[in-house]
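Trainee: Please construct the entire structure, taking both the sequences and the accompanying hints into account.
Below, each chain spelled out in residue letters.
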Amino acid sequence: MSKLKKLTQQQLFLPIFCMILVLCVNMIYDVSQGRDFYEFFKIGIQNELLSGRLVNILNRGSEVAILAIGMTLVVSSSAGTDISVGSVMALSAGVCCTLLAGAAAPQATELAVPLIVGVLAALVVGCVCGAFNGALVAYLNIQPMVATLILWTAARAIGLLVCNNLIVYVRNDAFAMFGGYIGPVPTPLIIAAVCIAVVTVVLKKSALGLYIQSVGINKKASRIAGLNSQKIIFLCYVLCGLCAGIAGVVASSRITSADTNNIGLNFELDAILAVALGGNSLAGGKFNLAGSIIGAYTIQAITTTMYNLGVSSAVNPVFKAVIVIVIVAVQAPPVKAFFKKLSAKRQAEKEVKGAVGV
Amino acid sequence: MKPANALKERKQMNSNTTLLLITIVLFFVLYAAGCVAYASKGFTTVQTFLNVFRSNAGLICVACGMTCVMLTGGIDISVGSLIAMDCMIIAYGLNNWGWASAPTIILLVLAIGIVFGLVQGFCVGYLEIQPFIVSMAGMFFARGMTAVISTEQLSITAEADQTFYDMANFRIYLPFGGTINRAGKLIMPYVGIGVVIALAVLVVIFLMLRYTKFGRALYAVGGSEQSAAMMGLNVKATKMKAYVLSSFLCSIGGICYCMNTMSASVNQATGLEMDAIASSVIGGTLLTGGVGNVIGTLFGVLINGTIASIVQFNGKLASSWPNVLTAALLCFFIVLQSIFAKIKERNK
Amino acid sequence: MEDNIVLTMRGICMTFPGVKALDNVDFTLRKGEIHALMGENGAGKSTLIKCLTGINDFEAGEIRVNGIEGPVKNHSTLDAQKVGISTVYQEVNLCPNLSVAENLYIGREPMTPFHTIDRRTMNKKADELCKRLDIKVDVTQNLENYSLALQQMIAIARAVDMDCKALILDEPTSSLDDSEVEKLFKMMLQLKEQGVGIVFVTHFLEQVYAVCDRITVLRNGTLVGEYPVAELPRVKLVAAMMGKDFDDLASIKPEGFTYDKEAPLEISARGLSHKGTIKPFDLDIHKGEVIGLTGLLGSGRSELARSIYGADKAQTGTLKVKGKEVKINQPIDAMNLGMGLLPDDRKAEGIIGDLSVRENIILALQAKRGTFNQLSRAKQEEIADRYIDLLQIKTASRETPIKQLSGGNQQKAILARWLATDPNFLILDEPTRGIDIGTKTEIQKLIIQLAGEGKSIMFISSEIEEMLRTCNRMAVLRDGAKVGELDGELTQERVMAAIAGGASEHE
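First to last, the protein sequences are chains A, B and C. Per this note's numbering, residue 588 is the first one in the first sequence, and the count goes up by one each step. Per this note's numbering, residue -15 is the first one in the second sequence, and the count goes up by one each step. Per this note's numbering, residue -4 is the first one in the third sequence, and the count goes up by one each step.
These are computed hints drawn from the structure, not numbers from a lab.
Not the full set, but computed from the structure, chain C residues with beta-carbon under 7 Å of chain B: (1) Leu73; (2) Pro91; (3) Asn92; (4) Ile101; (5) Gly102.
Just so you know, even glycine gets a beta-carbon here, dropped at the ideal spot from N, CA and C.
Mentor: Here it is, written out as structure tokens:
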């Protein structure tokens, strides 16, 4: 009993538990369909490229995983979420493709500017959006959700202006690489891995992780201890914007176009859900990046599984919305207090019974 | 302290009135600009002005509800999706459900609004979850449900339901302000039922906020939750009721919206939550709660509508301009609020 | 119950985890009296009031209220209001965005037959009420348009109008200026005439002697006594509040523990001030000296220290560190100059609750080193272990979240945080509050040891004995201003006289 309790209190319990649950559903379904129970894990090679459901999930989940990095930092430091990430993705994708297509827009096969310029521009746009959000939150003390609400609509709308309301196609192999394959391995997977590795190293090798958590837990005490909490929160938002920029490039490269109306749509929900699924409290403070990453891939696994089960993709957001509320509700103080009372009562009853028994 | 001091204090410029004043001036400047620029295209007619109301009747209802929620210091970003769901239910129902008629479907939509609000309100009021998270989940839930009902573009025709069709096309003519059309016929300006509903909602909410216990409780909770509790108000119930009211008004707004568009699709009313929040904020409602009223909100909606009209009259500007401008205005007013709050803090 | 008694509390006991907050406390409030409730920090004043108003749940004892059969137990402030006990706090518990009239009548508004609020009647009634109590306001104006004093009085008016028999004023005057205080007193006297019993909690001695009839003194959760004002001169009151029963601890000052007046100046402040909290002050601190800041709660002790450290940026004046003029905008600037501040509110400004003891200890040192100059994990563990060992911090492991430690051990960990930065000048604001006696002595010894090593220490405490045992010199504060310095032979009598004011002061 107490061992079970200890297990459930581990921070990584929630994401890993969900992951296993999804895997089980997959296996049962596969068996019922007369396939091998390990169908899910099969990694094959098709046309010299890695294939299989697992690879597919890891590939498709890259954008959410990248977003989850930035979102984790934002949630931890400011106890609020950045709901503009999906729109910022669309905007940076739009800027990137418009630049690359140049005069040939909206149908280009040749790059008008070097690839690196387009990609860098997308990342800069992401950072600028992040800086805008960060300035509002850190220096003007505006609630994070309200501050990011502005770009939530504006970024996508500006993206549409940039693209002139058209879908800008860049059918160029060099550009398509970001969403394609390097050798047999999907590039998005590599990009996500690199992002995760870089952030992990930075957090490990610098005191930033400690600072972010410290500011998220107790802003006043952190200030007395010599931290510049405003600067740290600002930085987290810039990083979150950068992540959105990277995700935007990957997403547009996947479809070799900037479909500003649809790129990154509903991704903010996925990113926030990834953080919550990762066992991180949305009230800020301590964070576990690994949890968020596992959470991100779990969400992709849910999406893919539902797709395989033949559930309409339209149900997806409904399902995710319910999960978010359940996870957050379980963490809510009144609910926690209620369960505590319940267990205390049970304990007391046990004691009474024990006393009677003696 | 001298008695004169009290008088002096009263004369101090109230930052909240300043904000509202900026809004009203902004509206007139915008409208005047439109009149000057597009006079030849008929911007100056009474009908153009009424059209701002006609196309924003739904938004007025939604923004009134949003103002009530924001008065408590909360926010509700589920409204746009809820409207899409309402429209979809009406359109799909009238087309496909045998039992559905205009009155029953309207009642159904209103009931759904109340239930939706109850769930959100319970999560915010009693479970103490951040309003943003709750209503964001609500937003995706409603948008998802819309798609579950149908992913097609549906329209409501006379064949689907005659009553609803008639209601939507019913015109109430004004006795003045007519224009002469090309055929030389005098055409009086008109509004639809939606506008009447919206104005009725506006008046009712205005009176409710000012003259009922619930209305004042909304202000008290937004002013200081702790004080409100100390003075014996039920803070949790008040918050919950605010969300129920918001979702209910949103459903009324959904009906108005539907009567204006006579169609439904998954992507309908995206960004409407933004317009509603922006209208409230521009109209002087503080994000921190406790200050604001629906008259300001009306001006907020009118500013939104005027921007849309101007973009429409221009004809060359991209359709996403209103979104960008609204967001920019929202940003401007949020920053203003923040600066005013800082000045107030410093003067303390 | 006697007729002239409003309420009695008998044998009230209350424990917080690990601390006996109230131990068998009695309190009696009579009709038409103003009764001061006095005591230093942690004496149990606010706990006692919270027991009375239903915020805290006391364990033993009973409360009786005139006119009500049997013992009364309130479960909320609303319950308390129903039996006629109203409280007005320092932070006014009204809604600033509503009108004065609404604040007076919210929750019980007069209604029209149509179930709407009858604003005209409400305004009229409010106006009458304010006129009766001599509050000069326009009741239709928003509350936030009026000064704090008027807001305070409106809060009292609300309480009075709700038929209260006992009115509790919790530090009502701390943010009022002299003329405003006078107005408030006039109102209190008026209510007293009407037979209301008033409990007045304050830390301003002058005010107690200006309006009160009776004083009840608490110390460390126990009742010291109830005295008519006339029988308790100031110095005796201060003595009663501070207590003198620490003699069981032997002197810990080593022989010849004096500071060297010729030692170089570590800190030299001229005219520093922070608007609203501390008036301009001059202060010199020598190397290797322990300087005490003394004064009652709210006299500006913490604020003085915070303005030097940059926790509340000083708005005027100059500061020299080691003879060089410096500019401190925020704490990190002060830290880079070798300062450290152990804040008095451990929970709000000290600990980072969810982080481990190790992380809490190395935080300041890390901040000083900079983001990209991270201490290696091994180094962090070594530092943490060293201080856990040195200060005998009792913790399950160095990775335990600090919030799971007891108050005293949390405090030691925060102290370790600052010692790890090797400061030249360390400010300790109430380092021993809420800590058991053994740990107190350890911390006191540590202070003297640090001074011996050539560090300058600024020490703030509500307990005079503790200050006497550790300080070389004391600066005295009263009402937000530094009023003097005590040098040479420090005795209890001298310090108390200086705190109470009016007596011998060595400028």
